[in-house]
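*Asks:* Chains as they are written, first to last, in the numbering used here: chain A, 1 to 115; chain B, 1 to 190.
In case anyone wonders, no lab produced these hints; they're calculated from the structure.
For every residue, glycine included, the Cβ atom is placed at its ideal position computed from N, Cα and C.
Check before you lean on any hint, since a few could be wrong.
Said to hold, decoys possible - Interface residues of chain B toward chain A, partial, derived using beta-carbon atoms under 10 Å: (1) Ser54; (2) Glu67; (3) Ile69; (4) Arg82; (5) Glu83; (6) Lys86; (7) Thr89; (8) Glu91; (9) Val93; (10) Phe102; (11) Leu109; (12) Tyr116.
Claimed, not checked - Using C-beta positions, here's what the derived DEER-type ranges look like: (13) Ile92/A / Asp31/B: 24 to 30 Å; (14) Gln81/B / Leu71/A: 19 to 25 Å; (15) Asp31/B / Val97/A: 20 to 26 Å; (16) Lys86/B / Ser101/A: 20 to 26 Å; (17) Arg75/A / Asp31/B: 31 to 37 Å; (18) Asp102/A / His50/B: 19 to 25 Å; (19) Gly121/B / Lys74/A: 24 to 30 Å; (20) Asp39/A / Ala111/B: 27 to 33 Å; (21) Asp94/A / Gln84/B: 43 to 49 Å.
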Amino acid sequence: MRQAGTYSGLLSGGISGRTGPHSLPLARIKKIMKKSGEDVKMISGEAPIVFSKACELFIEELTLRSWMVTLQSKRRTLHKDDITAAVIATDIFDFLVQMVSDSGSRGPAPAEMET
Amino acid sequence: MDRKGGGFHACQRHHKSSSGHDGDCTVREQDRFMPIANVIRIMRKVLPTHAKISDDSKETMQECVSEYISFITSEANERCQREQRKTITAEDVLWAMSKLGFDDYIEPLIAYLRRYRELEGVHHGSMRGEPLLKRAISMGALAPAAYPPAFHMGHHQGLFGGMAGCFMDGSGATSSHVAMAGYDPYSGYK
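Take these sequences, add in the hints, and give me the full structure.
*Replies:* Encoded structure:
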């Protein structure tokens, strides 16, 4: 599938490379889409573009919901457990429940690092 | 397992493309996730300035995003296969998102797509667009007013109900137009 020019300037993010640094890399999105199933064949040029914005909305929503859990515990550092709690509390994030429970074995718990 | 080193990793998680799990996977760790810098930037956009984010939160968010993409794509792909189409379109993605409960995202996504196509149209002249947007624009469904925030509690079935004709009707705009009559896209947001 070739759409000449569709990806030019888009790989580094932004619509036509001119919007702010909000967008996510389209080539990476497309890779992840292809890996979602053996039988994923062709992907239109616009599908990854929809995802770049949708992922942004998704991250914003999940982050905010997690932060509300952080606030309830009167902390100022968002921890993975807050994300887990937000996932469990939100119906549409049910598809993540397994994953946030599974990945407890990532190695030693990192020290709280400030950024 | 140490993710911080990037590159190859001892594989604790299944992924479909590797043929053997002897610790050396052909798929690089970075390729499975969105770049962490981008993810952090988006997280910071919605958090207060004093907020701090632990490293494991950032990594977890990366994983969640990839899972989200796969989740939606699988549903969109199933629809394509049912309808015997080979290409997953933007419309398929939007349909899948709505079906899986993310209908609050639909409106801002349509606006985003429209803006993209306006910009691309300037450079590439007549780029043959996908039917979704043309039909939506001709029905006047894309109100120019500002869009509400993306995260609402609950589902707005009324929104999707009205737009259903736009997404799923392949036969033309007529029936969709009837469905849209008297429709107020913002009734759910007041």
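*Asks:* Holds or violated: the hint that Phe102/B contacts chain A, with Cβ atoms closer than 10 Å.
*Replies:* 6 Å, holds
*Asks:* Hint says 24 to 30 Å; check whether the CB-CB distance for Gly121/B and Lys74/A agrees.
*Replies:* 51 Å, violated
*Asks:* Under 10 Å is the threshold here; is the Cβ of Leu109/B close enough to any Cβ of chain A for the hint to stand?
*Replies:* 6 Å, holds
*Asks:* If you take the shortest Cβ to Cβ gap from Lys86/B to chain A, is it below 10 Å?
*Replies:* 5 Å, holds
*Asks:* Does the Cβ-Cβ separation between Ile92/A and Asp31/B fall within 24 to 30 Å?
*Replies:* 27 Å, holds
*Asks:* For the hint 19 to 25 Å, verify it against the beta carbon of Gln81/B and that of Leu71/A.
*Replies:* 44 Å, violated
*Asks:* At the C-beta level, are Lys86/B and Ser101/A separated by a distance inside 20 to 26 Å?
*Replies:* Given a distance of about 36 Å, which is not inside 20 to 26 Å, the answer is violated.
*Asks:* Just to be careful: measuring from the Cβ of Glu67/B to every Cβ in chain A, is the smallest value less than 10 Å?
*Replies:* 6 Å, holds
*Asks:* Val93/B was flagged as interface toward chain A. Is the shortest Cβ-Cβ separation under 10 Å?
*Replies:* Holds: closest Cβ of chain A sits about 5 Å from Val93/B, inside 10 Å.
*Asks:* Does the interface hint hold: is Arg82/B within less than 10 Å of chain A, judged Cβ to Cβ?
*Replies:* Where the cut-off is 10 Å and the nearest Cβ of chain A is about 12 Å from Arg82/B, the hint is violated.
*Asks:* Between Asp94/A and Gln84/B, does the C-beta distance stay in 43 to 49 Å?
*Replies:* 30 Å, violated
*Asks:* For the hint on Glu83/B, does the least C-beta distance to chain A fall short of 10 Å?
*Replies:* Status violated, d = 13 Å.
This entry does not satisfy hints 4, 5, 14, 16, 18, 19 and 21, going by the numbered hints stated previously.
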